[in-house]
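Model the full assembly from the supplied sequences, consistent with the hints where possible.
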Amino acid sequence: MSKVLITGGCGFIGSTIGSALTDAGHSVVVLDNFSTGRKEFALDRPCYEGDIADPVILDQICADHPDIDVVVHCAASIVVPESVADPIGYYNNNVLGTLRLVEHLLQHGITRMLFSSSASFYGPAPDGEVTETSPIAPSSPYARTKAHVEAMLADVCQGTDFRLISLRYFNPIGADPQLRTGLALANPSHALGMLITKDRLGEPFTVTGTAWPTRDGSGVRDYVHVWDLAQAHVKAVEQFDTVVTGPDGAARSRAINLGTGAGTTVFELVDAYRSVTGSAIAVQSGPARPGDVAGAYASTQRAAAELGWRAQHSIEDGIRDTLAWFAHRGRVLPEFA
1 MSKVLITGGC
11 GFIGSTIGSA
21 LTDAGHSVVV
31 LDNFSTGRKE
41 FALDRPCYEG
51 DIADPVILDQ
61 ICADHPDIDV
71 VVHCAASIVV
81 PESVADPIGY
91 YNNNVLGTLR
101 LVEHLLQHGI
111 TRMLFSSSAS
121 FYGPAPDGEV
131 TETSPIAPSS
141 PYARTKAHVE
151 AMLADVCQGT
161 DFRLISLRYF
171 NPIGADPQLR
181 TGLALANPSH
191 ALGMLITKDR
201 LGEPFTVTGT
211 AWPTRDGSGV
221 RDYVHVWDLA
231 QAHVKAVEQF
241 DTVVTGPDGA
251 ARSRAINLGT
261 GAGTTVFELV
271 DAYRSVTGSA
281 IAVQSGPARP
291 GDVAGAYAST
301 QRAAAELGWR
311 AQHSIEDGIR
321 DTLAWFAHRG
331 RVLPEFA
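Going by the UniProt record's numbering, the sequence shown opens with residue 1, and the numbers climb by one from there.
There may be inaccurate statements among the hints.
Stated by the list, open to error - Calculated pairs, SDA-like style, for lysine to any residue (alpha carbon to alpha carbon, straight line, at most 20 angstroms):
1. LYS39 <-> HIS328
2. LYS198 <-> ALA288
3. LYS235 <-> THR111
4. LYS235 <-> GLY261
5. LYS3 <-> VAL84
6. LYS3 <-> PRO46
Calculated directly from the structure, the hints in this document are not laboratory data.
Just so it is clear, the structure is predicted and the values come from calculations on it, not from any experiment.
Written out as structure tokens, the structure reads:
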């Protein structure tokens, strides 16, 4: 069993990964600055409050836990329109912060990392499907930071003992099925969260962008259940040395898509939501947001071949688990009580 440090481990995805790892018998240590993470999501894990670029807190973590085997790096700023408005903040946090983190990890002899990357930097694909070798053409500062970090860390792997698996997330939905953690934002900015919010308020849902080159004009996304994402991280931790074997074997860094392998348009997401809930929520069309793209869905062959992982949950499962978490989260987060 491994001891795993999760940066951003009190966020939506990081905390869910922590639960999956713990359930599988691994030990988890958390670092979070609580800019968006929640202390309640630390559960019973050792939790340190601080920034990923702060050498003092990293020294303390490594002194307290000298047996850390691998780092799952989830800490990042992730909102596309916000990145357009504050590119300096995004580059400071996502790129420079990651460089400082890796520098200090190497000083402590920690050489394995799973990086929470993103499918947002893929360029348009003729049929919507992207593989790990598809062209990279980020259209927002957020997406560019993810692409820059991947390239930067690949260089680090070539010049040091560092090794990396970049897990390229598509569009996470759902919640921990045991309802330990989930989305903590009152008004999430992603499509499903906004759909639920608008339905609760009795207002129409706006489809932002209806002139994309897709089957119905709305953006295509690959909605993957966050618990499936978390299980992929368990697989990657347990098979790390097989996927990236080091100087005498295969590549020192590897990118792997994490999606369902199926594309869903925003209009189709609305239909799935109506099917699950029985809601008759109205829909209206609006302009695309700054930094939005037509979208894509994942080729999942590499994840299946190298991790033995495939998504198990449907989009309807993700909607149901998101709604179950929203109904439950007042028992975990006091402001929703």
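Outcome of the hint check:
no.: 1; hint: LYS39 <-> HIS328; verdict: holds, 17 angstroms
no.: 2; hint: LYS198 <-> ALA288; verdict: holds, 18 angstroms
no.: 3; hint: LYS235 <-> THR111; verdict: holds, 18 angstroms
no.: 4; hint: LYS235 <-> GLY261; verdict: holds, 18 angstroms
no.: 5; hint: LYS3 <-> VAL84; verdict: violated, 36 angstroms
no.: 6; hint: LYS3 <-> PRO46; verdict: holds, 11 angstroms
Checked against the numbered hints listed earlier, the structure breaks hint 5 alone; every other hint is satisfied.
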